[in-house]
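Student: Each chain, letter by letter, is given below.
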Amino acid sequence: MGIKYTIDELIVSRASKEIKDREMVVIGQGIAMAAGVLAKKTHAPNSVILTEAGLLGIEPFKVPLHIADPSCTRGFTYSCDMIDIFTTVVNRGYADVAFLGVGQIDRYGNMNSSYIGNPENFEIRLTGAGGAPEFAGYSKRSVLTMKGGEFVEKLDYFTTPGYVNGGDTRFESGMPEGSGPSVLITTKGVFKFHEETKEMYLAGVHPGVKIDDVLSDIPWDMEVADNLETTPLPTEEELSIIRNFAPDITMGRKLVMEVLINQVMRLFYGQDNGS
Amino acid sequence: MDKFMDSDKLMSASEAISRFVKDGDSFVFANCLYCMPLALAHEIIRQKKKNLMVFQQGGIEEIDQLLESGVINRMVVAYNFRAGGKRLITPLDRALRQGRVVIEEMTNHTLLSMMKAGAMGYPFIPVLSGIRVTDVVKRKGFLGDQRFAEIKDPFTGKDVLVVKGYNPDFAIMHVQRADRAGNAQLWGAMINSKWAALAAKKVIVSAEQIVDTEVVMSSPHLTVVPAHKVCAVVECPWGAHPSEVAGHYDYDLPFRALFFGSASNEEASKAWLDEWVYNVADRQEYIEHYVERFGRDTLLRLKAKPFPSVPADYGFTFKSVWDEKGYSEDLGMDMKGFLKMLEDKGVLLDGD
Numbered sequence: 149m150g151i152k153y154t155i156d157e158l159i160v161s162r163a164s165k166e167i168k169d170r171e172m173v174v175i176g177q178g179i180a181m182a183a184g185v186l187a188k189k190t191h192a193p194n195s196v197i198l199t200e201a202g203l204l205g206i207e208p209f210k211v212p213l214h215i216a217d218p219s220c221t222r223g224f225t226y227s228c229d230m231i232d233i234f235t236t237v238v239n240r241g242y243a244d245v246a247f248l249g250v251g252q253i254d255r256y257g258n259m260n261s262s263y264i265g266n267p268e269n270f271e272i273r274l275t276g277a278g279g280a281p282e283f284a285g286y287s288k289r290s291v292l293t294m295k296g297g298e299f300v301e302k303l304d305y306f307t308t309p310g311y312v313n314g315g316d317t318r319f320e321s322g323m324p325e326g327s328g329p330s331v332l333i334t335t336k337g338v339f340k341f342h343e344e345t346k347e348m349y350l351a352g353v354h355p356g357v358k359i360d361d362v363l364s365d366i367p368w369d370m371e372v373a374d375n376l377e378t379t380p381l382p383t384e385e386e387l388s389i390i391r392n393f394a395p396d397i398t399m400g401r402k403l404v405m406e407v408l409i410n411q412v413m414r415l416f417y418g419q420d421n422g423s
Numbered sequence: 277m278d279k280f281m282d283s284d285k286l287m288s289a290s291e292a293i294s295r296f297v298k299d300g301d302s303f304v305f306a307n308c309l310y311c312m313p314l315a316l317a318h319e320i321i322r323q324k325k326k327n328l329m330v331f332q333q334g335g336i337e338e339i340d341q342l343l344e345s346g347v348i349n350r351m352v353v354a355y356n357f358r359a360g361g362k363r364l365i366t367p368l369d370r371a372l373r374q375g376r377v378v379i380e381e382m383t384n385h386t387l388l389s390m391m392k393a394g395a396m397g398y399p400f401i402p403v404l405s406g407i408r409v410t411d412v413v414k415r416k417g418f419l420g421d422q423r424f425a426e427i428k429d430p431f432t433g434k435d436v437l438v439v440k441g442y443n444p445d446f447a448i449m450h451v452q453r454a455d456r457a458g459n460a461q462l463w464g465a466m467i468n469s470k471w472a473a474l475a476a477k478k479v480i481v482s483a484e485q486i487v488d489t490e491v492v493m494s495s496p497h498l499t500v501v502p503a504h505k506v507c508a509v510v511e512c513p514w515g516a517h518p519s520e521v522a523g524h525y526d527y528d529l530p531f532r533a534l535f536f537g538s539a540s541n542e543e544a545s546k547a548w549l550d551e552w553v554y555n556v557a558d559r560q561e562y563i564e565h566y567v568e569r570f571g572r573d574t575l576l577r578l579k580a581k582p583f584p585s586v587p588a589d590y591g592f593t594f595k596s597v598w599d600e601k602g603y604s605e606d607l608g609m610d611m612k613g614f615l616k617m618l619e620d621k622g623v624l625l626d627g628d
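Chains A and B supply the protein sequences, listed in that same order. The opening residue of the first sequence carries number 149 in the numbering used here; numbering runs sequentially from there. The opening residue of the second sequence carries number 277 in the numbering used here; numbering runs sequentially from there.
Worth double-checking, as some hints may not be accurate.
What the hints assert, rightly or not - Once the Cα atoms are required to be at most 25 Å apart in a straight line, the calculated DMTMM-like pairs of lysine to aspartate or glutamate come out as:
#1 B:K440 with A:D232
#2 B:K621 with B:D610
#3 B:K362 with A:D365
#4 B:K362 with A:E271
#5 B:K581 with A:E207
#6 A:K165 with A:E377
#7 B:K434 with A:E320
Unchecked claim - Which residues of chain A face chain B? A partial, calculated answer using Cβ under 10 Å:
#8 G202
#9 L213
#10 P218
#11 M230
#12 G279
#13 P281
#14 F306
#15 P309
#16 T317
#17 M323
#18 S327
#19 M405
Note that these hints are calculated values from the structure, not bench results. All C-beta atoms in this analysis are idealised placements derived from N, C-alpha and C, irrespective of residue type, glycine included.
All chains, full assembly: derive it from the sequences and hints.
Tutor: Right under this line is the structure:
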């Protein structure tokens with residue numbers, strides 16, 4: 149019998165490999181935090197994790213609900229504030245890698261987390277920018293993960309800079325030389341950016357996913373790498389770490405909501421739906 | 277700028293909000309995500325304040341509650357949590373579409389920089405210029421051009437993005453402890469607290485615990501807002517529920533889900549506000565209502581276990597100039613010898 153994993157576990161496992169040992173890692177909620185902790189517990193024990201809440205050197209014991217919650221503040225090494233993180237850490241070049249979730253993304257890795265539809269007459273307002281523009285703009289690399297987001301020819305709203313208009317335009321706009329998104333991991337595959345044009349290309353597919361199935365989501369003609377990687381399966385060790393540390397991530401958002409609603413019914417109304 | 281020098285500002289939340297909040301004021305949440313001043317926010321809602329403008333870094337439920345109750349009509353915000361992902365319409369979606377609120381989109385860093393500049397009394401402050409390419413900078417909301425500008429760095433000649441400093445009329449904040457004068461002590465995730473509170477013209481503080489000033493004096497490094505900025509102090513256990521406060525309680529996710537679950541529906545969220553805001557007199561009644569509905573154990577499951585900080589020792593020899601026998605080692609004489617020396621040196625002036 150083969151190893152059994154959820155799609156979220158595969159993404160976390162793949163994303164964690166983007167962190168090298170001794171790196172300073174900027175992390176938000178969800179998949180990013182799970183990937184950061186997984187890396188720290190496996191191949192990158194000397195990495196330092198920080199969140200924009202002014203918490204540096206955190207050792208979360210479970211996946212936080214948000215970037216400042218008790219799982220981040222039980223023992224951390226430097227208590228500063230949000231301005232300190234963006235200036236003394238990020239602007240001074242100490243942030244090696246930032247993890248970001250994606251709502252909409254274009255061919256140069258620019259992102260939208262603000263509005264779906266024309267902002268003047270939008271369908272929904274997403275969460276808004278938060279810390280994404282400066283983290284993606286000024287960390288050396290950013291690792292992007294997308295679940296439920298979409299590739300678009302033109303963003304409805306330009307929240308967060310990737311490579312702007314490609315080539316050197318990102319650096320001409322004021323962001324540090326050599327910085328930028330390094331990889332995008334979706335539910336189907338892995339994408340990287342061309343060294344010179346900075347255009348996104350398909351670098352790998354998840355096990356069992358066909359190339360055409362990936363490309364059918366992309367509204368432009370995307371280049372495909374000659375030697376396409378197949379995403380390695382998560383190992384038993386990784387799955388055990390993820391499930392112990394982050395069962396919420398294993399479940400994915402939809403299942404989490406279902407479990408939470410059952411918990412509400414049980415706690416507050418004394419009812420049990422039995423699931 | 278008003279200075280608040282009274283040594284005792286302890287009052288109820290109701291008195292604090294009615295005395296210090298006017299319709300049309302601007303205000304800032306001097307906590308975000310963590311340790312949220314939700315008891316104070318609910319009091320603002322209960323008193324049906326109108327046309328307020330809010331600055332908030334990252335909202336979880338408070339922005340939606342202020343919108344649903346019609347308290348705010350202008351908001352400057354970087355992030356607002358969406359409980360239902362893309363599927364559910366939020367109170368913010370509704371309010372924007374119906375034109376009940378206007379919005380200014382910022383990033384976490386640039387919004388807090390507006391506060392930091394305001395707190396320092398500066399007209400503007402540089403920010404990370406690369407974000408000039410984004411719609412956050414390019415698209416203007418109700419603040420128009422009173423937000424971002426580009427100026428020349430006088431030393432390098434390069435273009436620098438700056439944000440304007442702001443001083444909101446008041447800040448609300450919740451902390452672990454404060455003395456009656458308003459020295460407010462907070463620890464845990466510090467996020468925006470210091471700069472948001474110091475930017476405001478006055479700060480309304482609620483605290484889990486009111487302590488003697490001696491406690492503050494033994495731990496001044498924990499004071500984030502000094503008393504002269506604080507116009508009111510409210511004793512308010514559970515004042516941040518359902519958010520969390522280190523040393524006191526965890527967040528209450530299932531309870532939050534009750535609001536999130538209702539928020540997509542206008543009627544249901546009004547019913548939530550009736551039950552948890554309008555129909556309770558204050559935070560104490562809110563907690564009593566919680567216990568009545570869900571049981572004491574449901575509340576107590578949130579109680580914090582201790583994880584104390586090692587105390588900082590502020591000790592020295594504390595030798596004053598004169599010892600208990602009236603002799604000074606520093607001067608090599610007693611008070612009698614001291615007076616004689618002054619006389620001999622001729623430095624004493626004759627009052628006659």
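Student: Decide, hint by hint, whether the structure agrees.
Tutor: Each hint, compared with the structure:
| no. | hint | verdict |
| --- | --- | --- |
| 1 | B:K440 with A:D232 | holds (19 Å) |
| 2 | B:K621 with B:D610 | holds (16 Å) |
| 3 | B:K362 with A:D365 | holds (18 Å) |
| 4 | B:K362 with A:E271 | holds (10 Å) |
| 5 | B:K581 with A:E207 | holds (18 Å) |
| 6 | A:K165 with A:E377 | holds (14 Å) |
| 7 | B:K434 with A:E320 | holds (12 Å) |
| 8 | G202 | holds (5 Å) |
| 9 | L213 | holds (6 Å) |
| 10 | P218 | holds (6 Å) |
| 11 | M230 | holds (5 Å) |
| 12 | G279 | holds (4 Å) |
| 13 | P281 | holds (4 Å) |
| 14 | F306 | holds (4 Å) |
| 15 | P309 | holds (5 Å) |
| 16 | T317 | holds (8 Å) |
| 17 | M323 | holds (4 Å) |
| 18 | S327 | holds (9 Å) |
| 19 | M405 | holds (8 Å) |
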